[in-house]
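**Student:** Sequence:
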Amino acid sequence: MEKEQRTVRPKTTTNDGGGVDTKTSQNKASRQSLRSSNSGSSIVSRPGERDRRPSHSGDSMAPKPKNNPKPSPSPSRPPPPIEDLFASLNKHIQRSEYKQAVKVANQVLGIAPGDEDAIRCKVVALIKSDSIEDALTTIQSAKNLPIDFSFFKAYCLYRQNKLDEALDSIKSKERSTPTMLLESQILYRQGKVDACADIYQKLQKSNMESLEVNAIASLVVAGRASEVQGILDAFRVKATSSFELAYNTACSLIDREKHLDAEQLLLSARRIGQETLLEENLDADEVEIELSPIAVQLAYVQQIFGRRQEAIEAYTGIITRNLSDESSLAVAVNNLVALKGPKEVSDGLRKIDRLKDKDAQNFQLSHTVELKLLRKQREAIYTNRVLLLLHANKMDQAREIVACLPDMFPNSVTPILLQAAVLVRENKAGKAEEILGQFAEKFPDKSKTVLLARAQVAAAAGHPLVAAESLSKIPDIQQQEAARLYEELVKSHGSVEAMAGLITTVARVDIGKAEAYEKKLKPLPGLKGINVESLEKTSGAKQDESSLRRGLAEAHEESKSKEKTKKKRKRKPRYPKGFDPAHPGPPPDPERWLPKRERSSYRPKRKDKRAAQVRGSQGAVAREKHDAGASGANSSAPSSTLNQASSSKGASQNSAAEKPKPSKSSRKKSRN
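In my numbering, the protein residues as written are -13 to 658.
Worth double-checking, as some hints may not be accurate.
Quick list of in silico lysine-lysine cross-link-like pairs, DSSO-like style, CA-CA up to 30 Å [said to hold, decoys possible]:
1. K342 with K329
2. K89 with K77
3. K506 with K477
4. K417 with K329
5. K178 with K89
6. K506 with K558
7. K417 with K434
8. K85 with K191
Here are the in silico distance ranges between beta carbons for each label pair [said to hold, decoys possible]:
9. K417 with S158: 42 to 52 Å
10. C390 with E151: 20 to 30 Å
11. G571 with K508: 44 to 54 Å
12. E356 with E195: 27 to 37 Å
13. A486 with C390: 38 to 48 Å
14. Q126 with Q187: 27 to 37 Å
15. K417 with E356: 25 to 35 Å
16. K157 with N130: 18 to 28 Å
Read the hints as simulated data drawn from the structure, not as lab findings. Everything numeric in this text was worked out from a predicted model, so none of it was measured. Even for Gly, the Cβ is constructed at its ideal location relative to N, Cα and C.
Please build the complete structure, drawing on both the sequences and the hints.
**Tutor:** Laid out in structure tokens, this is it:
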């Protein structure tokens, strides 16, 4: 389920030696058609941003040596010296053994409660081990201590996707480089990419490692891909200096529709990434997971180039192997569903179900996917699922999702468009036109897309006046486009109102064409023989209101009758099984439906007249004729010769004819 773009970015190591976190970028929201034939949205991989984990904020994470420990010895077993505990704590931190570091920090706090270094090490170690909730609990328990944990608290809230609380927590901090980086990441996830890009521009003079990766990611997401080359020149780096930078730069080329250059740079990014990650002793599966965003982006480029089968195979391979991060998997699933369209609805719904929260009763993206994807990316996935449900005629599920979308995406027009799509599928076009019109009046700054959708729904439903009204409310719509739409309305419905709108619109760009259309209008009764020029010069000419009203009524009734007539749906002819229309053979008999006696080729069977003359038992006819001949001879002598001749003729015929088998009745008579 449209023309849409969306992306993920590769996981990268941070400058503090900590873990990694995957970010995603924004997608270009697709224009959703209200007709259920629309298949949905394709998503494109987008640039990623390095996650700056708070391993330090002015202080080193490694603990300071303790010269004056405060032991509280146990009566049964003396605790180890605090110097040894801090040495062990430092060793675990250097080895990235954060769970062991937490245990040692707890031992230190058991001996010296309230030790600032031990608490700070514990908080950072919990964050490094992804125990965000435990880190917040530790920060809350230390609120009475003279330690400023606002930066760490803001980062934990950011990891929990509590972005507003995270910004409030960081406002009290001094505008240092780590604070500005964390603020940029929060703004990035909130979708405030312009503010995020401005922060990175302010940090250009800082000497932070790989800052250009985040700067380019923020520019691409903000729709400022044309500024990427300037950032590369400002940082004095090449796009191929790292696979992350090459990937993000390729995303900017895709935004600028330089797809061939983007494909070449993505191939270079994959090669550089394989070499870099293999040098870090990662196994093959880990390398594939790290480079999965590049694979998804390459599949999208193939999709753009029209290599549909190659793109489908690439998306399917990523989904089947399941060797990708959550955001890359979500992008691959969405793009594959959009690429296949409504032909495989059930399979598309099953694939999108892989992204849902298993504990939720209704469809809801999992918590991990919610965190990894930006708002517009999540919106595209929900949109595609609704469109698939409409194709599958699962109206109840579609209505459930549509009802939740306004709260999930309050500043988007997509929820109202999907709501109208559901109503149209339910044959409630009038209600769809009503809610779209109300939304356009309430939010005039977002009305253009909604009014175009309303015009589309009205035109398909046979409401040309509503369609014309919707188009007339769009101030910056092009006159040629409006004229084209009016022409379609005139051809499909032939209404007078649509013709009048067409003439008015075309008159602004082509007077001759408008006059040609004007001649097609039927003259109104009562207006013949009127001199329009002299009428305009009069102070106030009275018109024949009754005839004018009658003419308008007749024209209106005629237009309504034409609107009601629907075009007959042309269906493909159905052929018998095994029939080849290309080689039909001889034509069938046109008289095959007539009774046989009524066909021109019918010839009745010839009857045997001699058989019809046989009556009674064998020999009965000869005796009767013989008796008749004898009596005739007695009565009339002149005719005796004729009777004898006829008798002899009849006798010869009987002898020559086949003797019939006597019936039962004849046998009974002969016995009597």
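**Student:** Against this structure, judge whether each hint is valid.
**Tutor:** A quick look at each hint next to the structure:
About 22 Å separates the Cα atoms of K342 and K329, which keeps this hinted pair within 30 Å; it holds. Using a Cα cut-off of 30 Å, the hinted pair K89 and K77 holds, with the two alpha carbons roughly 13 Å apart. Taking the CA atoms of K506 and K477, the gap is about 13 Å. The hint holds against a cut of 30 Å. About 29 Å separates the Cα atoms of K417 and K329, which keeps this hinted pair within 30 Å; it holds.
Distance check on the hinted pair: K178 and K89 sit about 39 Å apart at the alpha-carbon level, beyond 30 Å; violated. Between K506 and K558 the CA atoms are separated by roughly 35 Å; this puts the pair beyond 30 Å, and the hint is violated. A hinted pair counts as satisfied when its Cα atoms are at most 30 Å apart, and K417 with K434 qualifies at roughly 19 Å. For the given pair, K85 sits about 36 Å from K191 by alpha-carbon distance, which is inconsistent with the 30 Å threshold.
Between K417 and S158 the C-beta distance comes to about 51 Å, which sits within the given range of 42 to 52 Å. Against the hinted window of 20 to 30 Å, the Cβ-Cβ separation of C390 and E151 comes to about 23 Å, which satisfies the hint. The hinted window of 44 to 54 Å between G571 and K508 holds, with their beta carbons roughly 52 Å apart. The given range of 27 to 37 Å is respected by E356 and E195, whose C-beta atoms sit roughly 30 Å from each other.
For the hinted restraint 38 to 48 Å between A486 and C390, the CB-CB distance of approximately 43 Å keeps it satisfied. In this structure, Q126 and Q187 meet the distance hint of 27 to 37 Å, their C-beta atoms being roughly 36 Å apart. For K417 and E356, the Cβ-Cβ distance of about 32 Å falls inside the hinted range of 25 to 35 Å, so the restraint holds. A beta carbon spacing of about 22 Å between K157 and N130 agrees with the range 18 to 28 Å that was offered as a hint.
Consistency with the previously given hints fails for numbers 5, 6 and 8, ordered from lowest to highest.
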